[in-house]
Amino acid sequence: MIRIEHLNKSFGDKQVLFDINTEFQKGKVNLIIGASGQGKSVLTKCIVGLLEPDSGAIYYGGQDFLNFNRQEKKEIRKQIGMLFQASALFDSMTVEENVMFPLTMFTNWTKKEKLDRVNFCLDRVNLSGINHLYPSECSGGMQKRIAIARAISMQPKYLFCDEPNSGLDPKTSIVIDNLIKELTYEFDITTVVITHDMNSVIEIGDTILFIHQGKNWWQGDKHGIITTDNKEVSDFVYASEFMKEIRASIMKNHNT
Amino acid sequence: MKIIKNIGRFIQMLFVVYSKPEKWSVFRESLFTEIYHIGVNSIPIVALMSTFMGGVIALQTASNMSNPLLPSYTIGYITCSSTILEFSPTIISLILAGKVGSNIASEIGTMRTTEQIDALEIMGVNSLTYLVLPKIIASILFFPILVIISMGLSLLGGWLSLVLTGLSDTETYIYGIRYDFRVFFVVYALVKTVVFGFLIVSIASFYGFYTKGGSLDVGRSATKAVVSSSVAILIANFILTQLFLL
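Chains as they are written, first to last, in the numbering used here: chain X, 1 to 256; chain D, 1 to 246.
It should be emphasised that the hints constitute simulated quantities derived from the structure, not laboratory data. The beta-carbon is built from N, C-alpha and C at its ideal position, and this holds for glycine as well. A hint or two may mislead.
Computed list of lysine to aspartate or glutamate pairs in EDC-like fashion (alpha-carbon distance at most 20 Å, straight line) [stated by the list, open to error]:
1) X:K78 x D:E107
2) D:K23 x X:E182
3) D:K212 x D:E121
4) X:K78 x D:E171
5) X:K78 x D:D169
6) X:K171 x X:E182
7) X:K114 x D:D118
8) X:K45 x D:E22
9) X:K111 x D:E121
The following residues of chain D were derived to be distant from chain X, with all beta-carbon distances above 10 Å [unchecked claim]:
10) M1
11) I7
12) V26
13) Y36
14) M111
15) M123
16) V231
17) L243
18) L245
19) L246
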């Protein structure tokens, strides 16, 4: 479980995050949603330690991450897997080397043990047999799955996914969403997903945090977000006329 | 003000770079890869430049030797001295600043803009030590070898140009090369090369690592890396010459 308390972050004079308090639960897919430029990525970067918050606390399983020294932070980071928006695969390495990289850096496993683990992870994301391809030879959807395979290779306790569906077609997006959901339940991971994709919200969101103007604006689950009266959340979820019609229909059924 | 800020960040970066590598076996593998990329791959350009550079130095020296009182071996002597003292270490380093420096800045810059460096950091890898330290050590180890190759080929180029044009003969040229030859000059040239190698790679890595933005900014970082490392080489050359020779 990850707990955030009174988190604030500014860049110069501009405050981006205001007193964020939330909890990301173990074994669940926790979503952070919100319009562009509202602070979702900054919040995630603060949580994983890529940015230093101005104040507040971040607890990983009860331990205050911000008070850790460099070595302690490193140990926590070894328990984190992250899927980046652009996959962030090492383009000079093959698929196999990419997935094997954390194992090579942090374990003393034999070559065979590492290869077995790589094959297991690639198999788990339905990409067996592409070990010797380079990331540039793979499609966007494949790259996301390779990045997921790399993220789970060290059996992480925490999985962060930054807009895992960006740039993917709806069908591939559903494949990625389902994969994230399955892995979260299968390995009992605390998963945090930043997304704009309403399909993802409805499909995989066990808990949802809506960030607006850098504030923790709304929190709930996928059922709550459909029927909420909160104007900003509704405007975000039902942005198009078509979605507004759907909402009207849902609310009509809800009231009768 | 910005220069002072950058120098401060550069020094801070160096402190982080010189941390213990995550795993020595990975470091050793990276080191050999970098020696190949930075060093071995630079041999063709160094060989080409050095041979022609030596040829031109010898021809220009010969064409300016109109005074009959000057002995003919002076051509070999001047070619040798100028090559060892200045042309091989400094000019080759400036060329390497262009070739190796831009390559390193754009490689690391692209890794930064495509979040590959963030991926390393999140895994718990010290990205500066992992990416930059093998490059610095490779350049310190291999640049002197490149300069020794350059010295040899420059002298060969000088000999070829003189013999082919008939401006001197082999015996006189070799006598000129050996005349008043001091090993100290070679040592001085190699020390300069080590310093230049360090400056090229660390400055290029600095600009690459702190790239912000997209592909245009990667290009800008590569340009800044080449310009800054060239200026640093010229300044360091002046300081080292003062220290060693005066």
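Okay, which hints does this one fail, numbers in order?
1, 2, 4, 5, 7, 8, 9, 12, 14, 15
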